[in-house]
Amino acid sequence: MNALRKLFGFHGGVKPAPNKDLSTREPIAQIALPERFVVPLHQSVGGTPRPLVAPGAQVQKGQRIGAADGNVSAAVHAPTSGTVLAVEPRIMAHPSGLAGPAVVIAPDGLDTACERDPFLWRSAKPDEVRDFLRDAGVVGLGGAVFPSHLKLRAGREHPMQTLVINGAECEPFITCDDMLMRERATGIVRGAAIMGELMQPREVLIGIEDNKPQAVAAMRAAVQAAGVRGMEVVVVPTRYPAGGAKQLIRVLTGIEVPHGTRSTDFGVQCFNTGTAYAIWQALEQGMPLISRIVTVAGNVARPRNFEVRIGTPLAQLFEAAQALPDTERYIMGGPMMGFRLPDLAAPVQKATNCLLAGSPALFPPPPPEMPCIRCGDCAKVCPADLQPFELYWFARAHNYGKAQEYSLFDCIECGCCSYVCPSRIPLVDYYRYAKSEIWARERDKASADGARTRYEARLARAERDKLEKAAKLAAKTAAGRQKAEQAMAGGAAAAPGEAAADPKKALIEAAMERARAQREAAQPKNVEGLSAAQQAEISKAEARRELARQMADNKEVPPE
Amino acid sequence: MLTALIVMAVLGLVLGAALGFASVKFKVEGDPLVEKIDAILPQTQCGQCGFPGCKPYATAIAKGEAEINQCPPGGDEGIRKLADLLGREYKPLNSEHGSEKPKAVALIDENVCIGCTLCLQACPVDAIIGAAKQMHTVVVPLCTGCELCVAPCPVDCISMEVLPENVETWKWKYPVFRLQPTTERKAA
Ligand code: SF4
Ligand code: SF4
Ligand code: SF4
Ligand code: SF4
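So the protein sequences, as listed, match chains A and B.
So the first sequence is residues 1 to 560, counted in my numbering.
So the second sequence is residues 1 to 188, counted in my numbering.
Each hint should be verified, as a subset may be incorrect.
[As the list claims (entries may be wrong)] Partner residues aside, some chain B positions facing chain A, computed with beta carbon under 8 Å: (1) Pro42; (2) Gly53; (3) Lys81; (4) Pro124; (5) Thr144; (6) Glu165; (7) Asn166; (8) Lys173; (9) Tyr174; (10) Pro175.
For the record, the hints were derived by calculation from the structure and aren't laboratory data.
Remember, predicted model here, so these are calculated numbers, not experimental data.
Even for Gly, the Cβ is constructed at its ideal location relative to N, Cα and C.
The task is simple: from the sequences and hints, build the whole structure.
And the structure:
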């Protein structure tokens with residue numbers, strides 16, 4: 001049936017050496033529990049989850065330790081049972097080498113899973129399933145770590161046509177999806193079937209590059225065994241970056257998702273195979289996302305794939321794969337899109353698909369950058385149909401507006417352009433630089449707009465307060481004046497000319513009159529209706545006071 | 001001859017009426033130039049420019065009464081943007097008005113605060129919460145770092161803290177080309 005399917009091509013792309021054989025020779029291995037887990041709270045696109053545990057708390061495997069912050073976020077869970085030692089900033093697997101909030105857990109070695117009721121997703125409403133997946137921490141495991149529950153929603157206006165499961169895995173060295181498909185095809189297919197039920201597409205296409213025959217065979221067998229209608233494994237030609245979401249959609253369906261639109265606008269949604277597996281685990285096994293497959297390759301003696309709990313220190317993986325002594329740098333991700341790790345103390349995160357050890361022999365340092373000769377090679381290979389040399393020019397000149405005009409944000413940072421550039425310009429570095437500068441400016445702009453609104457609201461409030469006060473004062477004087485006039489009208493006969501001529505004086509007199517009346521009214525109230533004894537006491541006290549006064553006046557003591 | 005005159009006169013009347021109507025109907029509220037300048041200014045509302053806020057400074061620039069290089073929080077980039085917008089010559093920041101500093105936010109030492117509300121009244125952007133005789137605190141995401149609350153505090157418990165970079169706000173650095181020595185320099 002695959003022979004009948006017409007495949008499409010995408011623009012550009014390159015064919016780097018795949019380097020995938022070494023790490024697929026051995027099956028997936030388990031990594032032992034480390035001494036300390038450092039589970040980062042912020043592992044997905046969106047808000048940083050709120051920590052749910054405090055130091056000293058006992059946690060179980062799979063217990064939620066960070067709750068999703070809003071809907072664009074995903075929960076995080078304890079990878080094993082043990083004691084929470086701290087909730088503090090720790091170094092992250094991030095190019096900055098900066099620290100982010102993390103939960104440090106000392107495992108107790110028992111690895112007891114926490115009790116959970118089975119979730120009957122078939123009878124639950126789609127929104128409940130999505131909430132469940134958010135709380136199970138399921139995110140896109142292809143590298144983008146976008147919360148999956150947000151993607152499991154068909155476009156409002158466009159019914160789902162095609163659900164694409166991305167098993168292309170085009171980047172050199174990375175084999176984690178390949179091994180997952182070989183060994184756990186059933187789980188992936190079940191996960192894909194669940195997604196199919198939630199989104200109701202016409203067909204489910206599992207795209208796999210033709211350099212993974214074993215994975216294709218395993219997946220085909222699993223699809224057949226599961227007998228899901230409309231699900232099909234499609235072999236696509238090997239060309240980097242066929243595993244990019246837009247590229248794979250293009251190859252499988254022929255739909256080119258234009259700038260500024262989403263694939264759901266065309267009834268297509270794309271998920272990674274690892275994500276399908278995680279969804280199956282969450283919904284049918286009751287196991288939230290606490291581990292993932294990580295390829296460790298490059299300059300190591302035993303390249304292979306490991307199933308790693310999230311939060312395991314990266315150093316432990318390189319140890320397990322036996323990094324060679326001449327390793328001088330460590331990379332997270334593949335050689336095309338990865339970044340250099342500043343510190344191996346950082347933990348494995350949901351985004352960690354591959355770790356590479358680099359040596360000068362394996363990845364020679366880039367030769368010096370030369371001026372762009374505008375050969376156009378980069379534009380020929382750009383899968384996003386951009387003009388990389390123009391983007392480079394504007395990013396280099398800090399001309400961010402122009403760079404955005406040339407669709408900088410459509411760049412998927414695939415690295416094809418840097419790969420072919422004869423002047424060896426690190427083009428993607430410039431794009432990343434420009435993108436983060438633009439984001440920073442957008443943040444500043446948003447906060448400046450907020451400040452302006454609040455400043456204007458404050459000015460308006462001050463103005464309103466002033467007006468209100470003035471109005472109150474005016475009302476008061478007006479009321480007083482009226483009263484005075486009434487009073488005058490009553491006693492006008494006495495001295496009409498004088499009072500009429502000076503209403504102010506009348507006003508003052510009226511006020512004094514009121515004050516006098518008030519004073520008189522305010523007599524002590526505790527001297528009425530007293531008993532004879534009390535009266536006698538008071539008289540005595542009065543007599544004593546009188547005596548004292550006389551003494552003060554005469555300065556002599558009268559005879560007793 | 002007469003027809004031509006009449007035609008011209010009628011045309012003039014009709015078009016004049018249309019223009020008059022349009023000027024009333026599509027009247028632009030406020031001064032668009034001031035709005036545009038205000039959009040560039042950083043809205044710190046600190047008054048370092050010599051005006052009681054960004055909007056007054058924007059108005060003064062629009063009227064040509066102020067230079068474009070008086071806003072330290074906007075910095076060099078702000079001046080360049082203003083120069084671009086207004087077609088004026090770029091000038092370096094006038095140091096009389098202050099110097100460009102990394103963004104900081106106010107921090108109230110809550111143990112020392114006596115709840116006098118003076119900082120609350122000084123904050124131009126309502127970033128401080130508190131009430132009389134109650135502890136006050138700064139809502140960090142709302143603080144623009146204008147420093148106007150620092151001076152009024154009678155117990156000197158407000159300090160300005162530079163915001164540290166975190167994973168969210170970290171920026172990729174400009175790719176620099178590292179010069180590599182090709183030969184060792186021999187000691188003379
Ligand atoms: S490939 Fe390199 S040299 Fe050629 S146009 Fe692109 S950036 Fe310039
Ligand atoms: S990195 Fe960006 S500009 Fe370069 S080829 Fe890939 S998508 Fe195109
Ligand atoms: S100096 Fe302060 S008040 Fe003046 S424009 Fe700049 S930020 Fe606004
Ligand atoms: S000015 Fe100082 S003491 Fe007064 S409320 Fe503000 S922080 Fe507290």
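Now for the hints, and whether the structure bears them out:
no. : hint   : verdict
1   : Pro42  : holds, 5 Å
2   : Gly53  : holds, 7 Å
3   : Lys81  : violated, 10 Å
4   : Pro124 : holds, 5 Å
5   : Thr144 : holds, 5 Å
6   : Glu165 : holds, 6 Å
7   : Asn166 : holds, 6 Å
8   : Lys173 : holds, 7 Å
9   : Tyr174 : holds, 5 Å
10  : Pro175 : holds, 4 Å
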